[in-house]
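When you line the sequence shown up against my numbering, it's residues 1 to 157, in that order.
Hints were generated in silico from the structure; no laboratory data involved. All C-beta atoms in this analysis are idealised placements derived from N, C-alpha and C, irrespective of residue type, glycine included. You may find that some hints are simply not true.
Said to hold, decoys possible - List time: in silico DSSO-like cross-link candidates among lysine-lysine, alpha-carbon distance up to 27 Å:
| no. | residue 1 | residue 2 |
| --- | --- | --- |
| 1 | LYS145 | LYS68 |
| 2 | LYS60 | LYS8 |
| 3 | LYS145 | LYS60 |
| 4 | LYS8 | LYS145 |
As the list claims (entries may be wrong) - Just the calculated beta-carbon pair ranges, DEER-fashion:
| no. | residue 1 | residue 2 | range |
| --- | --- | --- | --- |
| 5 | PRO98 | ALA12 | 20 to 28 Å |
| 6 | GLN22 | THR86 | 24 to 32 Å |
| 7 | GLY107 | PRO133 | 30 to 38 Å |
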Amino acid sequence: MNILTQTKEQIAAQLTGERFAQALIGGFHVESAWEYDFGGTLTVRIGYYNGIARYACFIKATLGASLKFAPEEVEACLVSIAATWTTEAAAAEPSTVPTIRYRCPEGAVTALAWHKDDKPYVFAYVPSLSGQPPVIPSQASIDQKFPTVYDNTRPRP
């Protein structure tokens, strides 16, 4: 994995613009978060548990309709973590935007990710890692931390 499961020092050597950030999951005294520039209009917030990167949240840093991720941007974010992902679209209510879920097994480690077209972020994490606490993110809680991006070509729910 290119980002997840690395130490803060290894990631700081790869990315620029390091700054302290608010943790997205919370509840663990072993969690800290740092934000880095990720090229163009993206930043990445990385959550460390015991000094090891366990989640990455890629965030659009522009305004308006451009907050939406293009498919190639989602792919670039995921490929920065690992090369091969499978996709599974979750069932959704007719009035909601479906969540697209991703899975990437690499050796003994499996990374999971999700993205919704109406949110300006892509979230990836490693739920379990030998000798480390589990990472159990709440999508609803993380969704609340980001604005909803409306598509002007269709009516709002």
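Now the hints, each set against the structure:
1. With a CA separation close to 16 Å, the supplied pair LYS145 and LYS68 stays within the 27 Å bound.
2. Taken as a hint, the LYS60 and LYS8 pair is honoured in the structure, with Cα atoms around 22 Å apart against an allowance of 27 Å.
3. Restraint check for LYS145 and LYS60: the C-alpha separation of about 13 Å stays at or below 27 Å, so the hint holds.
4. With a C-alpha separation of about 24 Å, the suggested pair LYS8 and LYS145 falls inside the 27 Å cut-off, and the hint holds.
5. Checked against the hint of 20 to 28 Å, the C-beta distance between PRO98 and ALA12 comes to roughly 35 Å, which is inconsistent with it.
6. In this structure the supplied range 24 to 32 Å holds for GLN22 paired with THR86, their Cβ-Cβ distance being about 31 Å.
7. A C-beta distance of roughly 20 Å is found between GLY107 and PRO133, which places it outside the suggested range of 30 to 38 Å.
In the structure shown, a violation is registered for the earlier hints numbered 5, 7, in ascending order.
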